[in-house]
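First to last, the sequence lines map onto chains Y, G and U. Numbers in our numbering are just positions in the first sequence, counted from 1, shifted up by 738. Numbers in our numbering are just positions in the second sequence, counted from 1, shifted up by 290. Numbers in our numbering are just positions in the third sequence, counted from 1, shifted up by 949.
Read the hints as simulated data drawn from the structure, not as lab findings. Misleading hints may appear alongside valid ones.
Covered, in the sense of this in silico footprint (three residues per stretch, anywhere, with C-beta under 8 Å from a C-beta of chain G), are these stretches of chain Y [as the list claims (entries may be wrong)]: (1) 969-977; (2) 985-995.
With a straight-line Cα cutoff of 30 Å, these simulated DSBU-like cross-link-like pairs (lysine-lysine) come out [as the list claims (entries may be wrong)]: (3) Lys791/Y / Lys869/Y; (4) Lys971/Y / Lys427/G; (5) Lys971/Y / Lys446/G; (6) Lys895/Y / Lys380/G; (7) Lys1232/U / Lys365/G; (8) Lys984/Y / Lys503/G; (9) Lys984/Y / Lys493/G; (10) Lys984/Y / Lys372/G; (11) Lys971/Y / Lys1056/U; (12) Lys1232/U / Lys895/Y; (13) Lys493/G / Lys503/G; (14) Lys372/G / Lys895/Y.
For each residue, glycine too, the CB sits at the ideal point set by N, CA and C.
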Amino acid sequence: MTNPVQTLSKSLTVNDNPFMKPVEWLSLLLLAGVILVVLPLALDAFRLNLVGKYLTYAFVALGLVICWGYAGILSLGQGVFFGLGGYCMAMYLKLEASSVENTKIQSTPGIPDFMDWNQITALPWFWTPFKSLPLTLLLVIAVPVAFAFIISVAMFKRRVGGTYFAIITQAIAAILTILIVGQQGFTGGINGITDLRTLNGWDIRTDHAKFILYFVNGGLLIGCILLAQYVKKSKLGRILVAMRDKEDRVRFSGYSVAGFKVFAFCLAAAFAAIGGAMFTLQVGFMSPSFVGIVPSIEMVIYAAVGGRLSLFGAVWGTLLVNFAKTSFSESFPDLWLFGLGALFIAVVLAFPNGLAGIWREHIEPRLTRRAKSLRPPEPIAVPRGVPHGAPAE
Amino acid sequence: MNASILPAALTGAEPAPAPQQDFLLAVEGLTVSFDGFKAVNDVSFYVDPDEIRVIIGPNGAGKTTVLDLICGRTKASAGSIKYKGQELTKLSESAIVQAGVGRKFQTPSIYDDLTVFENLEISFPRGRSVFGALTFKRDAEVRDRIEEIASLIFLKDRLRERAEFLSHGQKQWLEIGMLLIQDPELLMLDEPVAGMSVGERIKTAELLNQIIKGRSVLVIEHDMKFVEDIAHRVTVLHQGKVLSEGSMERVQSDPRVIEVYLGH
Amino acid sequence: MFGDYSIGDLSSIFVMQGFAGLILFSVYVLMALGLAIIFGQMGVINMAHGEFMILGAYVTYLCSSFFQSHLPSLFPIYFFVAMGLAFLASGAMGMLVEWGLIRHLYKRPLDTLLATWGLSLILQQAYRSIFGPREVGVELPSWMMGSVQVTDTIEVQINGLFVMGVTIVITLGVAALIFYSRFGQQIRAVMSNRTMAGAVGIDTERVDRLTFGLGCGIAGIAGSAFTMIGSTGPTSGQLYIVDTFLIVVFGGAASLLGTIASAFSISQTQSTLEFFLSGSMAKVLTLLAVVAILMLRPQGLFTLKVRR
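Produce the complete structure using the sequences and hints provided.
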């Protein structure tokens, strides 16, 4: 009796909650290797830029892992934050591209071309902060996060959650799309903000610039993964899991549940915003087609395919779905929507924990069984996702 | 309210708020109505420091609702709940917990997805703000306290297991442990021995006798043997109102109580 | 903005806008009714609701073509046949979907949302493959065309009046079904206490399936009615889904009366604003107002205070 207890208390005194387990370090190494070494070596400039575009969606999926997978808050409006981040960046780039010199044929030189086409003669007030790069970089994060903060405080303080929250976020995505499309003169309308050229004098359209932006994007993504990993490993991460499970119990352990939900939602919004800004930089435009209901819910499927509880899974899921989308829509455009629809259903019905779940349930046990003779097993419990094939009522 | 049920400390004192300082918990005129139906109707009672008070009453008498009201889960329609002179009806649930009120639910309410260790850790009263939780360190103080509590609740050798795999009784103990680590001054337990085996029941009574030292406890229980063992005083609720109050013998001999509750 | 109009003109405009709002209201009510039954009674979010509606619209379109070419003598009354068929088609598909998909997900409402979204994508692509990407319209029988002159300046379209009539009949029918029939009693019993309802011998799985089918069937009727005032394309359903969800939530999810009241206030606000602003701004302001009110009062317009 005394012996096992003693060994247990000994093992408790060593660091039993490391920042990353060995297998997680390996996953990170693998992901970083593929993104930063293998793909740049293997792909041509066009394809690499395409991967860079996909990886900007991975920021959104990463945020959804924290917000949906861990905290249980499903947002169907992540496109709003992706779009706001992207628009903030695009507004800066557009102003730089609309110098008086470049736009001298307009009736009002010095303002973006679409404003001129819509008989607007002066720069609207909300465009002026985007003349400054430092301010723009701040606003890229601050605007979406502030917006997310207002929405989430209003909803979570009143204990609104679940499907109800999902519907409201979806409505907000719809409203913002209609607004952007309707206010052509201020936003560029349905075409979005296009014809972006330079970032503080540096031409972002060249292959070389795109190559560098790809690495900036990849680096930021790894940074966000590490940040998310820190959150997940902190007590806050465990509180999110606890909250998803028994919200009331957390409340009666002395935590203000709303505050934690607001944090998770705002973090997800910040990640999405970074993704949006990097999208604008790499692809060279931003349009309302990335804000609305359809892209927002599609981004949820990236996280779902990767595994809603897996940070690395979110990135792999995003890449996988987008590769499939690109190759399918090139050869069989009709089939793609059938495939995507089936993917939604399959992931929910058959693989609720996505690729990461398949890995954990089928591949990892085999690996550990082989390694078992070498090392003792990891005792820390992994938070469980959705019960596999939950029974019908 | 009937003056005779008030404890001696209040009789003779002026109806000013000052004497309430003597009570740990003073519930006065508490009323809540759900769509016209008064689940709790003008309930008043007072709990002294270190007192163990048991609330009994038939199903639907409003016992659980009274606990819900005290811990802020349900908002009162009227009346006041003063804890150490502080009005609880205006506070949020988390603020009430931080003031020193702990609550155990009727069905075991623990986090299935986390280990026993993590369950206890979440209840440790430090790092309760968002920032605090982000920077929380699992230091020696936390570990020692968790191990101490774990041995008290008979779960010391199961700290690393997922709470989901515990038996019903062990889950109840874990929840009691989660409350203990909060170290509340007022502990509220909703049917702590319900659904337990005889062996677990004895162990739980033993556990409760240990943990009630140095704090006030408010218990809802149906098991009369258990109530007799632990109660200092008993409050009987019936149809949302206080029917009787006093020592166990006195309550048991009250003809109204016999009629509605004990008689059958 | 009022300067150019006389008082008489203005009041006519308000009546006409009000009438336009009433048509919108009718479509909203028909769509929201089905959704309110499914969401309110079962707690299930059906993102494919719009596609069930479009199914009804396509059934109506097929009926219109069929009667035109094969039964021209009965053409004036084909709408009634089409509505019945639309109800049956959407209802049958609804029951199939409940059996194949929804019943596995009753404990995971957020996942239901994703799965039904997948379903909606599949249905949209199926419509596109079968009926083509272009919008189709139905031929109205001659008695439904034209308008009724109420005063010199006010006239109302007959097809609009017909849609309103259909809405009133369907709404009364649903209310009667839920509140006075044995089936309605069973629905309410299952929704308020599933275990108990099962214990007293109600086949809860059957009730679930029929309830879901009923909601989808009503969506089919909504789609059928919709063809009388607009054309139908593969993605038309998606255009209305957000509005419809907001209506149901705004009305207070468990209340039919709330659904009707909220459909009324939203449609009237929108059509009135549309007169003064551009269509898109009217929609933005209306939806924003609804979202803002929901943030302040998340339980919607009509709810009861119950013990949680």
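For each hint, the structure was consulted:
no.	hint	result
1	969-977	holds (count 6)
2	985-995	holds (count 10)
3	Lys791/Y / Lys869/Y	25 Å, holds
4	Lys971/Y / Lys427/G	11 Å, holds
5	Lys971/Y / Lys446/G	23 Å, holds
6	Lys895/Y / Lys380/G	15 Å, holds
7	Lys1232/U / Lys365/G	37 Å, violated
8	Lys984/Y / Lys503/G	29 Å, holds
9	Lys984/Y / Lys493/G	26 Å, holds
10	Lys984/Y / Lys372/G	28 Å, holds
11	Lys971/Y / Lys1056/U	28 Å, holds
12	Lys1232/U / Lys895/Y	27 Å, holds
13	Lys493/G / Lys503/G	17 Å, holds
14	Lys372/G / Lys895/Y	24 Å, holds
In summary, the one numbered hint that this structure violates is 7.
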